[in-house]
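Make the full structure from the sequences, and use the hints.
In order, the protein sequence lines correspond to chains P and Y.
For what it's worth, the numbering used here labels the leading residue of the first sequence as 29, then goes sequentially.
For what it's worth, the numbering used here labels the leading residue of the second sequence as 6, then goes sequentially.
Below, a list of computed lysine-lysine pairs in the BS3-like style, where the Cα atoms sit at most 25 Å apart:
no.	chain 1	residue 1	chain 2	residue 2
1	P	Lys287	Y	Lys16
2	P	Lys36	Y	Lys102
3	Y	Lys256	Y	Lys234
4	P	Lys287	Y	Lys107
5	Y	Lys16	Y	Lys103
6	Y	Lys103	P	Lys286
7	Y	Lys44	Y	Lys243
8	Y	Lys99	P	Lys287
Where chain P lies over chain Y, by a calculated footprint (3+ residues, C-beta under 8 Å):
no.	stretch
9	78-86
10	108-120
11	133-145
Pulled from the structure, derived: some chain P residues nowhere near chain Y, Cβ distances all over 12 Å:
no.	residue
12	Phe50
13	Gly55
14	Val57
15	Leu69
16	Gln76
17	Leu143
18	Ile156
19	Val158
20	Ile163
21	Ala212
22	Glu229
23	Gly253
I should point out that these hints are in silico values taken from the structure, not numbers from a laboratory.
The beta carbon of each residue, even a glycine, is placed where N, CA and C say it ideally should be.
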Amino acid sequence: MNPKLFLKFVSVSFQKQVTYRFDCFVGIVNGFLYVFIFTSLWKALYSQFDTTMHNGYTLTAIVTYAVLVMAVRISFTMDDSIIYRKVMDGSIAMELIRPTSFFFMNLAENVGHSLFHMMARTVPIVMISVFLFDIYIPFEVQRLLIFIVSCIAGYILVSMMNFIAGLLAFWFIEIFPFLLFKYAFYTFFSGGIVPIDFFPEFLKPLVNLLPFQYMLYYPTTILIGRASLVEAQSIIMAQLIWIVIMGAICCLMWGAGKKKLIIQGG
Amino acid sequence: MQQGNIAIEVKGLSKDFDVSESGKGFSGKLKALFHRRRKIITAVDAIDFEINRGEFVGYVGENGAGKSTTIKMLTGILVPTSGSAEVNGIIPFKERKKNAAKIGVVFGQRTQLWWDLPVRESFDLLRVIFRVSQPDFNSQIKKLDKALGLDPLMNMPVRKLSLGQRMRCDIAASLIHNPPVLFLDEPTIGLDVLAKESIRNFLTEINRDEGTTIILTTHDMNDIEQLCKRLIILEEGKIMYDGETELLKQKFIHEKVIEVEFHDDGNVIQGIPGVTVVREQGCKTWLTFDNDNYGIGDVIGTIASRYEIKDISVNEPSVESIIRNIYNTRVTRATPSEESRNK
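This is how it looks when you write it as structure tokens:
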């Protein structure tokens, strides 16, 4: 994949998002509402107990987590129904006649989408939250750099997850219910609502078998300082292993799906 | 025949689609939830053909005959159920990307341009995708602009183009990398006469000047008559005619229609050998004659000498009427002579 081409497609996808400005405004309000609900919920919960520390989180730490995991999640916004829609209306044919990798074009499209959401939604939401809530982020340059690397790895995992879910359309065409199911799984098991530390014991073996925690939870714990820098390195290693595993699944599914593909509408 | 002379080679190519049927109405749909009747439809059924470099081939058939499915297999979009195909010596469904770099594709019902971008930017993206150098790109665009009149469209967003304008841009887009093989799937669908004409002229030009091999599917038989020397007719996934377009006429046309107009009505044409009157209306009479055994000159000469006529015209049956005839009568598979194919 030619990097110049990749960047061109990121920019096309970014520009497309700019045309939907009203969406973006609603998105900011919506994102902030989530942050507000979760932080209020944590405050109410913590006020019920005498102890100030739960599962290793003080109130400040859990509020910080709630704000930042939301910031990462919003930055990772992508349209998970792109492949599904392209199969539904048959326009996928027009992409397959180009000498480009379908996977990387999809990734580029996602990156453009996400960059826009990061700039237009994450930045204002974080800025407002810093003023409104009691947030503590340990500021170390090295930690910040590792956080960015871990976020990129997490982002690739989310993109692969959506690619795999989208490819199901090659078999079933109508996959909207699958996408809802995937969304629920992703939001919960990635630690998008509650940090993994708060999960009941019986769920933990399942969580450890799934890649979701490496998408949002671990990158966030690096930034808020719950993971030491040494731990952060092993987190990134685990993320890389998951990228290889999910990459292999993407390849296998793409190979098998091609044979199943039907172009709708002639 | 030399190996390097073959642009497309297809052997025993088949594509089956698995279609699951659900019953009628609510109860039928409910049953389908638990038990689906599966049905296999063979869209393309073991077809063979070879297309040489520089040929201009019409690929026709009724709706659902398997034309588009064949094109989609040759462009690497669909993977065949069985059989083999090579385009420029590349197997499209094994090396889709490599194949895509050497072909141009237009699907008349779709666009490969970016809906929200101006045409110019779409072209520029394709330049990067196909790795065309800037000087090559500039000269190609210049050439395409001259032939297709793109200049006034260049800064317009694709969604604002009319169908004819969009089609011109789509054809230009498919040729940015100057591919040796061009697939056109109904490129003239829904276009007015002028737009069709300009596209036809352009296609003739690139076929002649660049030696581009062109495979054209269409329902417009005028396209075929004006453009395609060779015709492949597909029926229910099988090839039922593969040969010269002209030869199709000779093979299937044994009659010509003559329209005669007299100064006044009441004239009755009779007693001319080989001629049958089809219809009489006022001053006009329509005749058919057997053109295998009688010459057109003799027939007209005889009519003109015996009757006082105001006007006379001979109507060549169109390829369309021939093909309509073929579809209707389901003529048994006709194989053209080797000689005609290798011309």
